[in-house]
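Chemist: Line order of the protein sequences matches chains U and F. Residues 0 to 256 in numbering that gives the first Met the number 0 are what the first sequence lists, from first letter to last. Residues 0 to 190 in numbering that gives the first Met the number 0 are what the second sequence lists, from first letter to last.
One or more hints might be untrue.
Unchecked claim - Result set (SDA-like, lysine to any residue): computed pairs, CA atoms no more than 25 Å apart in a straight line:
1. F/Lys154 with F/Ala67
2. F/Lys100 with F/Ala172
3. F/Lys38 with F/Ala85
4. F/Lys154 with U/Gly218
5. F/Lys154 with U/Arg19
6. F/Lys154 with F/Lys38
7. F/Lys100 with F/Ala150
8. F/Lys185 with F/Ala172
9. F/Lys185 with U/Gly132
10. F/Lys185 with U/Gly218
11. F/Lys154 with U/Leu171
12. F/Lys185 with U/Gln51
13. F/Lys154 with U/Glu13
Unchecked claim - Covered by chain F, according to a simulated footprint, are these stretches of chain U (three or more residues, beta-carbon under 8 Å):
14. 132 to 144
15. 214 to 226
Claimed, not checked - Just some of the chain U residues that point at chain F, by a computed CB distance under 10 Å:
16. Gly12
17. Glu13
18. Gly33
19. Leu36
20. Ala50
21. Val52
22. Trp122
23. Ala123
24. Ser190
25. Ala191
26. Ile192
27. Gly193
28. Gln194
29. Gly195
30. Phe196
31. Val199
Keep in mind that the hints were calculated from the coordinates and are not lab data. We treat Cβ as the ideally placed atom computed from N, Cα and C, and that holds for glycine.
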Amino acid sequence: MSPALAIARREGGELLCSPRGLAWLLAAAGVLSGFALLLVGSTELGLLDNAQVVYDMAGLTIALGALLALVSGVDAVAGERERGALLPLLATASPRRSIVLGRLGGQALAWSAMLAISAPYLWAVGSTGQNLGAALLGLLLFGTPVALAAGAAAMALGARLRSARAALLASLIALLLVASPLLLGPSLRQSAIGQGFDAVNPFSGATNALDAMVIDGQGLAAQGWHLALVLAWWGLAYAAALRALRPPRRPGEEIVA
Amino acid sequence: MKASVPLAVLALLATLGPAVPRLAWAAPSAAPPASAPLKVGLAPDPANPAAPRMGDRMSFHTTLRNPASAPVGGVMAWLTILRVDAGHEEAIDLEDWSANKALTIPAMAPGGEARSDWTLRLISPGTYRVLVSAATRAAPVPAVGASETFAVAPKPVVESRRVLPVALGLPLALGGLLALRLTMAKGDDDA
Chain U
0 MSPALAIARR EGGELLCSPR GLAWLLAAAG VLSGFALLLV GSTELGLLDN
50 AQVVYDMAGL TIALGALLAL VSGVDAVAGE RERGALLPLL ATASPRRSIV
100 LGRLGGQALA WSAMLAISAP YLWAVGSTGQ NLGAALLGLL LFGTPVALAA
150 GAAAMALGAR LRSARAALLA SLIALLLVAS PLLLGPSLRQ SAIGQGFDAV
200 NPFSGATNAL DAMVIDGQGL AAQGWHLALV LAWWGLAYAA ALRALRPPRR
250 PGEEIVA
Chain F
0 MKASVPLAVL ALLATLGPAV PRLAWAAPSA APPASAPLKV GLAPDPANPA
50 APRMGDRMSF HTTLRNPASA PVGGVMAWLT ILRVDAGHEE AIDLEDWSAN
100 KALTIPAMAP GGEARSDWTL RLISPGTYRV LVSAATRAAP VPAVGASETF
150 AVAPKPVVES RRVLPVALGL PLALGGLLAL RLTMAKGDDD A
């Protein structure tokens with residue numbers, strides 16, 4: 000078994016089978032349940048179109064998946080460093096690329112669990128069923144790069160910052176900023192700043208693609224720019240994580256020093 | 000013997016006389032209550048959707064006019080929404096439908112007019128008619144303005160019977176799995 004696969008299995012197993020990982024998934028399910036119960040409990044929300052509700056639920060799923068990957072990414076580097084577990088891993092013969100890929104593989108497994116959890120919620124709120132396929136496809140194609148980019152960027156931050164707490168705080172603030180399209184609808188982002196932000200923000204790319212596919216019923220073929228945007232950010236974040244965890248060029252430069 | 004019991008009751012009441020209080024409903028009023036001397040005009044907003052459906056908003060404009068030669072005081076106007084589908088006739092609870100439920104006008108001069116707007120949020124499908132009634136302090140029988148009927152089309156919205164099992168069941172299942180995992184971990188530690 001390749002080192003990357005072995006690390007991914009261990010990481011994914013910890014995320015999905017450990018009490019801590021299960022507690023995270025339970026918390027994510029609790030958030031989705033809260034939103035779903037608000038929809039049936041509030042007359043105002045209950046009058047939203049099915050397509051709008053499915054879009055909102057899909058956006059929430061991406062945010063939760065990104066949050067899960069982000070916490071996992073910070074913990075995978077900064078947390079392990081503080082627990083003294085990172086140095087033994089870096090000292091092995093495993094290439095750094097395998098270590099990064101392995102960690103990202105574990106986050107991908109966690110994101111898969113998030114997708115699996117969100118599917119029944121999407122089915123439950125999308126009573127007509129006409130938007131369900133588009134939402135699941137959108138989540139898979141656009142949510143996966145966003146969640147994994149968040150995880151990789153958090154690993155890079157965890158390696159750069161000396162404290163796990165600082166890395167977590169910085170990551171959460173960054174996530175709050177990039178996930179702002181969830182709170183500010185497209186009509187509130189029509190200024191030059193808003194449009195510029197939308198043009199480069201991966202979260203905007205994912206939510207705008209979901210908006211087009213789920214609410215407007217556009218095809219996937221029309222979402223090329225959005226797909227390119229989220230994939231570019233995924234690649235950038237991966238490169239940043241790889242660079243942050245590169246082997247030391249000089250003695251004492253290692254991130255665990 | 001049996002017939003003597005009612006007679007005895009009547010005799011007892013007769014002896015009590017004024018000590019028995021007179022019930023309010025037992026005394027019919029001599030004159031019917033006065034009708035409000037008002038004219039109520041009700042018109043839909045031209046911007047209302049031509050084919051409204053659930054979730055849309057509609058506005059209606061009311062003109063209250065006092066055509067009498069005397070001023071009127073204590074004018075009260077209120078909104079009523081009636082569902083008029085056959086077999087489903089009912090007066091709608093305004094709670095979710097409108098924040099504008101009623102208004103008061105302290106006084107209206109002879110020939111005076113007052114305008115008001117009523118905005119509705121269309122909550123349920125069906126055929127409806129909007130009424131605005133106006134009465135005064137001295138004339139409680141309202142003058143009424145009525146709209147044409149309009150149909151509210153349904154749209155697919157969240158169904159609670161699909162949401163509740165998922166929203167409650169999934170966290171319960173995950174919580175059960177977590178509890179099982181914690182129990183197993185505790186068992187391993189004890190061993």
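Chemist: Holds or violated: is there a CB of chain F closer than 10 Å to the CB of U/Glu13?
Modeler: It is violated, given that the least Cβ distance between U/Glu13 and chain F is near 12 Å, above 10 Å.
Chemist: Is it true that the CA of F/Lys154 sits at most 25 Å from the CA of F/Ala67?
Modeler: 47 Å, violated
Chemist: Let's test the interface hint: is any C-beta of chain F closer than 10 Å to that of U/Ile192?
Modeler: 31 Å, violated
Chemist: Please verify that hint: U/Leu36, Cβ, nearest Cβ of chain F, below 10 Å or not.
Modeler: 5 Å, holds
Chemist: Using C-beta distances, would you say chain F covers the segment 214 to 226 of chain U, given that this needs three or more residues below 8 Å?
Modeler: violated (count 0)
Chemist: Hint check: F/Lys154 vs U/Leu171, CA-CA at most 25 Å. Holds or violated?
Modeler: With a Cα-Cα distance of about 38 Å, the restraint between F/Lys154 and U/Leu171 is violated, given a limit of 25 Å.
Chemist: Is it true that the CA of F/Lys185 sits at most 25 Å from the CA of U/Gly218?
Modeler: Roughly 51 Å separates the two Cα atoms, so the pair is violated.
Chemist: Can we keep the U/Gln194 interface hint, with Cβ of chain F closer than 10 Å?
Modeler: 28 Å, violated
Chemist: Hint check: F/Lys185 vs U/Gly132, CA-CA at most 25 Å. Holds or violated?
Modeler: 42 Å, violated
Chemist: Does U/Ala123 meet its interface restraint, that is, does its C-beta lie within less than 10 Å of any C-beta in chain F?
Modeler: OK, holds: U/Ala123 within 10 Å of chain F, min 4 Å.
Chemist: Should the interface hint for U/Gly195 be scored as holding, given a Cβ-Cβ cut-off of 10 Å against chain F?
Modeler: 33 Å, violated
Chemist: Closer than 10 Å between Cβ atoms is the bar; does U/Val52 clear it against chain F? Give me holds or violated.
Modeler: OK, holds: U/Val52 within 10 Å of chain F, min 6 Å.
Violation of the numbered hints given earlier is confined to hints 1, 2, 3, 5, 6, 9, 10, 11, 12, 13, 14, 15, 16, 17, 24, 25, 26, 27, 28, 29, 30, 31; the remaining hints are satisfied by the structure.
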